[in-house]
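Student: One-letter residues, chain by chain:
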Amino acid sequence: MADVSHTDERIKQTSRLRQALIRPELGGIVGTVAVFVFFFLFAHDSGMFNAQGVMNWSVVSAQFMIIAVGACLLMIAGEFDLSVGSMIGFAGMMIAIFGVTYELPMWIAILITFAICIAFGALNGYIVVKTGLPSFIVTLATLFILRGFTIFIPQTLERKTIIGGIREAAEGDWLAAVFGAKIGKPIFQWLGDAGVISTFERGSRIGEPVVDGIPMLIIWALGLVIFGHWLLTRTRFGNWIFASGGDADAARNSGVPVTAVKIKMFMFTAFCATVFAVCQVMEFGSAGADRGLLKEFEAIIAVVIGGALLTGGYGSVIGAALGALIFGVVQQGLFFAGVESSLFRVFLGVILLAAVILNTYIRRIITGER
Amino acid sequence: MTSKMSKLLASAALVAAPFLATTAVADGHGDDLTYILVSHAPDSDSWWNTVKNGIALAGEQLDVTVEYRNPPTGDLADMARIIEQAAASQPDGIITTLADFDVLSGPIREAVDQGIDVIIMNSGTPEQTREVGALMFVGQPEYDAGLAAGQRAKDDGVESFVCVNHVISNAVVAERCRGFADGLGIDLGESMIDAGQDPSEIKNRVTAYLNANPETDAILTLGPVSADPTILAVEEMGIAGDIYFGTFDLGDNIVAGIKDGTIQWGIDQQPFLQAYLPVVVLANYDRYGVLPGNNINSGPGFVTADGLEMVEKFAGEYR
Chain A
1 MADVSHTDER IKQTSRLRQA LIRPELGGIV GTVAVFVFFF LFAHDSGMFN AQGVMNWSVV
61 SAQFMIIAVG ACLLMIAGEF DLSVGSMIGF AGMMIAIFGV TYELPMWIAI LITFAICIAF
121 GALNGYIVVK TGLPSFIVTL ATLFILRGFT IFIPQTLERK TIIGGIREAA EGDWLAAVFG
181 AKIGKPIFQW LGDAGVISTF ERGSRIGEPV VDGIPMLIIW ALGLVIFGHW LLTRTRFGNW
241 IFASGGDADA ARNSGVPVTA VKIKMFMFTA FCATVFAVCQ VMEFGSAGAD RGLLKEFEAI
301 IAVVIGGALL TGGYGSVIGA ALGALIFGVV QQGLFFAGVE SSLFRVFLGV ILLAAVILNT
361 YIRRIITGER
Chain B
1 MTSKMSKLLA SAALVAAPFL ATTAVADGHG DDLTYILVSH APDSDSWWNT VKNGIALAGE
61 QLDVTVEYRN PPTGDLADMA RIIEQAAASQ PDGIITTLAD FDVLSGPIRE AVDQGIDVII
121 MNSGTPEQTR EVGALMFVGQ PEYDAGLAAG QRAKDDGVES FVCVNHVISN AVVAERCRGF
181 ADGLGIDLGE SMIDAGQDPS EIKNRVTAYL NANPETDAIL TLGPVSADPT ILAVEEMGIA
241 GDIYFGTFDL GDNIVAGIKD GTIQWGIDQQ PFLQAYLPVV VLANYDRYGV LPGNNINSGP
301 GFVTADGLEM VEKFAGEYR
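First to last, the protein sequences are chains A and B. Each residue of the first sequence is one higher than the one before, starting from 1 at the first, in UniProt numbering. Each residue of the second sequence is one higher than the one before, starting from 1 at the first, in UniProt numbering.
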């Protein structure tokens with residue numbers, strides 16, 4: 001029973017079954033099952049469910065998850081952050097500038113980048129809270145500002161908009177490994193030797209398994225989901241997040257530090273975007289001015305699929321994680337299913353819309369809300 | 001909950017219905033060879049339509065299946081995932097651009113090492129192609145093409161220029177501007193402007209630049225996306241035909257511009273060949289084991305007002 005204690009305590013005397021069902025993530029669970037059944041039926045022989053295929057959509061889903069956790073907590077606290085995508089591009093570029101152009105040790109470059117980006121998050125939150133302007137507008141402005149800097153700074157310093165050489169600069173760095181390494185290599189090698197995973201047939205890596213470890217990106221995604229879920233459901237701060245998003249005035253009157261909660265959530269969103277960016281530049285070894293385009297909407301979509309309300313005060317981190325999984329599986333699954341590329345967005349739109357409608361419908365039935 | 005579950009299943013089936021139809025069409029060739037072409041272009045870039053037509057024609061003629069994939073927003077990190085995805089689906093070959101070596105070389109080399117034949121098209125260099133272990137490069141060496149264009153412009157008396165770059169994040173395309181500047185024998189300096197992708201924005205930027213720098217001799221645009229609004233800009237400013245105007249790539253408006261004298265020349269890198277030839281090469285390699293011994297240069301070819309007829313007929317479709 002303890003695991004459902006975060007549900008609305010104002011509804012009293014409900015049956016066990018009903019209590020088990022009144023969860024924001026129910027829609028996400030149903031959607032996840034539906035999506036997997038769907039692709040299992042239509043793309044099972046396309047390589048989507050071999051080791052490489054699974055790794056492919058897992059990594060894409062994990063990427064969505066990282067930014068969805070931040071967006072989810074912020075949305076429950078009643079605010080949006082549209083600057084996530086630009087923040088990803090900006091953070092990656094900062095690492096390249098400090099680590100490659102200025103040749104600082106990579107761990108210092110990463111820490112400076114985190115500091116700058118979290119400061120921008122705090123600034124977003126401060127402006128939103130102090131002016132009372134919609135976060136939609138404030139972070140839209142940040143979206144342009146950060147994207148502009150992401151193009152301007154490398155062009156001024158390096159005369160180009162893609163800065164490479166990060167992998168070389170990060171070689172042997174302890175903090176870079178926390179974001180860019182792969183773990184469990186011996187297990188995957190063993191699986192490869194045992195023939196469970198196919199191995200490279202030629203080249204310098206012959207005999208190695210095609211999937212040689214779990215990227216830290218996935219570990220970060222799972223870690224953030226667990227942290228976010230714990231924060232939201234097991235701590236006093238989590239209650240404050242719900243209260244701030246549900247009715248900020250009522251929350252303030254009952255002593256919740258709404259201002260601090262909201263600013264902290266903006267900072268956490270910026271933190272998540274930076275984690276995404278660091279993992280990305282460590283994997284690919286270069287930062288580009290076009291990275292992270294439209295990722296803010298992908299984060300919001302994942303959160304909404306996961307059952308959170310756009311108006312705040314209701315939602316779940318587990319739901320958002322499932323939303324990210326659905327989004328990732330659908331996006332890559334459509335490629336596996338061989339959908340004509342120009343129809344790709346149509347399918348994506350239809351499936352997302354269906355997921356959200358389904359979700360709302362389920363929520364209305366189980367919560368009795370009109 | 002059972003009735004709700006059945007409703008859910010019904011909705012799932014509803015979503016599945018059009019899906020089934022599409023898969024059937026995609027597999028309609030009923031052939032054993034499947035190739036995937038991965039581009040770096042965002043959905044909004046119309047130039048790649050020629051590439052789609054090229055692979056469609058090659059697929060039809062050779063009776064093979066060729067699928068086209070691209071990152072919707074043009075984000076190269078997303079493109080890397082698409083290449084990984086393509087490799088996971090075990091096609092007979094992958095044709096891909098190499099727009100950023102750092103990002104794409106890893107996934108491409110992994111595909112090669114899995115035994116998938118890869119051909120690099122459009123973006124990249126012969127050296128990079130060799131390094132990732134691809135069979136060959138089919139495209140236009142960008143710097144050389146820019147250099148040739150710059151030398152040509154210098155012979156025509158050009159001393160300064162503005163480069164209208166609509167894909168500022170693509171380092172390879174920017175080489176065209178650098179080559180052009182070197183061809184003219186001048187420093188690139190502030191001559192390259194980031195025009196963005198939006199037509200009215202591009203037009204305004206070009207107008208603003210030319211007003212601020214009235215001594216500019218020449219305009220270089222890097223594709224129809226930047227050329228079309230630039231044509232409008234020079235027409236509006238009343239300097240069409242007066243200012244030296246060269247462009248990379250072709251399209252309906254560019255061809256019309258060459259015809260009426262607004263544009264001196266267009267450099268055709270012949271995207272049709274970049275898409276068509278790799279399919280031909282891969283299919284014949286898979287079927288008969290024959291392979292051309294070198295990279296294939298699909299361009300540069302200068303298109304001027306002479307001999308426009310064929311170009312005009314197929315502009316935007318196969319040219």
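Wrong hints could be hidden among the right ones.
[Unchecked claim] Which chain A residues face chain B? A few, computed with CB under 7 angstroms, are given here:
#1 Gly53
#2 Asn56
#3 Thr156
#4 Lys160
#5 Ala194
#6 Val196
#7 Phe200
#8 Arg202
#9 Arg205
#10 Gly213
#11 Ser286
#12 Arg363
[Stated by the list, open to error] Listed next, with one range per pair, are the computed distances between beta-carbon atoms:
#13 Tyr102(A) to Asp306(B): 35 to 45 angstroms
#14 Ser46(B) to Leu157(A): 44 to 54 angstroms
#15 Gly293(B) to Ala119(A): 53 to 63 angstroms
#16 Gly293(B) to Leu157(A): 53 to 63 angstroms
#17 Leu291(B) to Ala119(A): 48 to 58 angstroms
#18 Arg287(B) to Leu231(A): 56 to 66 angstroms
#19 Glu131(B) to Ala115(A): 35 to 45 angstroms
#20 Thr156(A) to Phe314(B): 23 to 33 angstroms
#21 Ala181(A) to Lys313(B): 29 to 39 angstroms
[Claimed, not checked] List of simulated lysine-lysine pairs, DSSO-like, C-alpha gap at most 27 angstroms:
#22 Lys203(B) to Lys154(B)
#23 Lys154(B) to Lys160(A)
#24 Lys259(B) to Lys160(A)
#25 Lys313(B) to Lys259(B)
#26 Lys259(B) to Lys203(B)
If you are wondering where the hints come from, they were derived from the structure by calculation, not from laboratory data. Values in this document were obtained by computation on a predicted structure and should not be read as measured data. The C-beta atom is built at its ideal place from N, Cα and C for all residues, glycine as well.
Student: Check the structure against each numbered hint from earlier and tell me which ones fail, lowest number first.
Tutor: 3, 5, 6, 10, 12, 13, 14, 16, 20, 21 and 24
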